[in-house]
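Protein chains: 2
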Amino acid sequence: MAVYTKVDDKTLADFLSRYDVGTALSFKGIAEGIENSNYLLETTQDRFILTLYEKRTKEEDLPYFLGMMAHAARAGLPSALPIHDKSGLALQTLKGKNACLISFLSGVSVDDIQPGHCRKLGEALARLHKAWFDFKPIRANEIGFEGWQHMAKATAACADDLHAGLKYTIACELDYLANTLPKNLPTGTIHADLFPDNVLFTGDKITGLIDFYFGCTDQLAYDLAICINAWCFDEHHTFVPARARAMIEEYDQHRTLTPEERTALPILCRGAAMRFLLTRLYDYQNPVSGAVVSPKNPLDYLKRLEFHQQIKETDHYVV
Amino acid sequence: MAVYTKVDDKTLADFLSRYDVGTALSFKGIAEGIENSNYLLETTQDRFILTLYEKRTKEEDLPYFLGMMAHAARAGLPSALPIHDKSGLALQTLKGKNACLISFLSGVSVDDIQPGHCRKLGEALARLHKAWFDFKPIRANEIGFEGWQHMAKATAACADDLHAGLKYTIACELDYLANTLPKNLPTGTIHADLFPDNVLFTGDKITGLIDFYFGCTDQLAYDLAICINAWCFDEHHTFVPARARAMIEEYDQHRTLTPEERTALPILCRGAAMRFLLTRLYDYQNPVSGAVVSPKNPLDYLKRLEFHQQIKETDHYVV
Chain A
1 MAVYTKVDDK TLADFLSRYD VGTALSFKGI AEGIENSNYL LETTQDRFIL
51 TLYEKRTKEE DLPYFLGMMA HAARAGLPSA LPIHDKSGLA LQTLKGKNAC
101 LISFLSGVSV DDIQPGHCRK LGEALARLHK AWFDFKPIRA NEIGFEGWQH
151 MAKATAACAD DLHAGLKYTI ACELDYLANT LPKNLPTGTI HADLFPDNVL
201 FTGDKITGLI DFYFGCTDQL AYDLAICINA WCFDEHHTFV PARARAMIEE
251 YDQHRTLTPE ERTALPILCR GAAMRFLLTR LYDYQNPVSG AVVSPKNPLD
301 YLKRLEFHQQ IKETDHYVV
Chain B
320 MAVYTKVDDK TLADFLSRYD VGTALSFKGI AEGIENSNYL LETTQDRFIL
370 TLYEKRTKEE DLPYFLGMMA HAARAGLPSA LPIHDKSGLA LQTLKGKNAC
420 LISFLSGVSV DDIQPGHCRK LGEALARLHK AWFDFKPIRA NEIGFEGWQH
470 MAKATAACAD DLHAGLKYTI ACELDYLANT LPKNLPTGTI HADLFPDNVL
520 FTGDKITGLI DFYFGCTDQL AYDLAICINA WCFDEHHTFV PARARAMIEE
570 YDQHRTLTPE ERTALPILCR GAAMRFLLTR LYDYQNPVSG AVVSPKNPLD
620 YLKRLEFHQQ IKETDHYVV
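Chains as they are written, first to last, in the working numbering: chain A, 1 to 319; chain B, 320 to 638.
Hint data in this document are derived by calculation from the structure and do not stem from the laboratory.
Misleading hints may appear alongside valid ones.
[Claimed, not checked] The list that follows gives simulated cross-link-like pairs (lysine-lysine, DSBU-like), each with its CA atoms no further than 30 Å apart:
| no. | chain 1 | residue 1 | chain 2 | residue 2 |
| --- | --- | --- | --- | --- |
| 1 | B | 325 | A | 205 |
| 2 | B | 622 | A | 95 |
| 3 | B | 325 | A | 303 |
| 4 | A | 6 | B | 374 |
For reference, chain A alone in the conformation it holds in the complex (with noise of 0.2 Å):
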């Protein structure tokens, strides 16, 4: 969570009258986020977002993930849709930082989650993914493979401090990843990051598909693997069967695995786990200053890779 970048009432009124959004009515600091500065702005007419774009979000990138949010909300998907201000420009400047109104979504964040829960997350993933077929604009994942190699080496120094053996267990799944992970499966945009944060619910219905500051071009697979490691192990950090089932036939259903996807699933959630484990170590070694959220544990998602690594057929997810 942060607010970076105070917006004084005065600024806020001038960046309003940009748009055809009314007056303030209500203007409060969120603490959504840890890269960027939000508001929960609430005018005359209707409730936004207002983001404030941070140095670690790179202004090249922005309009790519504007785009894909636009594209999805275009779709009918509840994605946040940017605002366009009278002249037509979503993408703004804010008190010197690249800033951008965003629709408001009602819902909230599920702590407690069911199967249900993981079923429409399913859905709401394969939806995206085909909404976005017709998105042209390509990005690569800055945290990929490459990306993982080089978190890995940043971190190394430090990596037993925090777990005897650490170093070595990712040293080794790497070099078992380099040789396993697919390389040919179906790609298109995906969205990176589809945490239970990132999803709002009003009641069993996602209302709310937000954050899509990590979207990228990358196999599909790949994000629902992600999701997995989301979604689907418990507080205890105990593979939930029942979750990982009804997301993956739910998934399926509205966009059909091919049968490569279906056997490269374990590799991938392994990458996937590999992925945030390897950035919870290094944001743990090099906290952001400001931020309130304390950096998660990386050993949640030590926990998950050494699920995965047990893991032989897709099989084992879907029982």
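Dock chain B against chain A, hints included.
Structure of chain B alone, referenced to chain A:
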């Protein structure tokens, strides 16, 4: 700002079932206050603030603060109102913390302060004081003169690291105030922290008075002196006479200042400047872990103190 205590969706649903307020549609941690955790909650019925009181707010004081708020709201002031549960209780326990559901108030804090805002503030402050005439509970001001002496002692060793001569300036001022601070002015319940952050405007109208957690029993004119310090200096910490005149005149219109209060105003303003100089100096030396708000500059209040030291008569504030 802060969200120290995370409330998951199931805990929230259980909590809301104690009330007649509907079920959650949206729930976001907000960056308000540095003492407590605050959430903006929208239910099927209305919007609310959920506050979880962290350790710096003493449990035994909470009924007093909630009583102040309820009393002001019942008198027609736009104060946040504690919501009672089905059994009539306002103060609750949630995630092991004291907690309260409070009415949501529209409006935005003003940064570009105009004399008109100060006029409204003067009126609101006088109306608060009058509304609290029949609020019977008593709470000593913990940050009164004795509190200042303790903080002066606690900060003395490092004060000159921030500003050469600061320790001596503080000691001399405390000596002066010990002999000059009035003791027999009209007393009552005061807000004691009615900074621009704690006042929400919709257009020219005050639609929200919040954050009563420094409320106490003290001399009423001292509350006005706090507001003069908080509202009547520009961003360069230069006194703006038109703001003070508007505030003091309008206060006097709604609660007539006694001749003794008028005479004492310069001394009370010195005391109020001293209070915030000392608490800021203390917070600067003892930052709260986990708070995103960076400590405020104590020297802003040294400048105000130096200004008030030049003022010999209250008329100088209202020319």
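Going through the hints against the structure:
no.: 1; hint: B:325 / A:205; result: 23 Å, holds
no.: 2; hint: B:622 / A:95; result: 27 Å, holds
no.: 3; hint: B:325 / A:303; result: 24 Å, holds
no.: 4; hint: A:6 / B:374; result: 27 Å, holds
In this structure, every one of the numbered hints holds.
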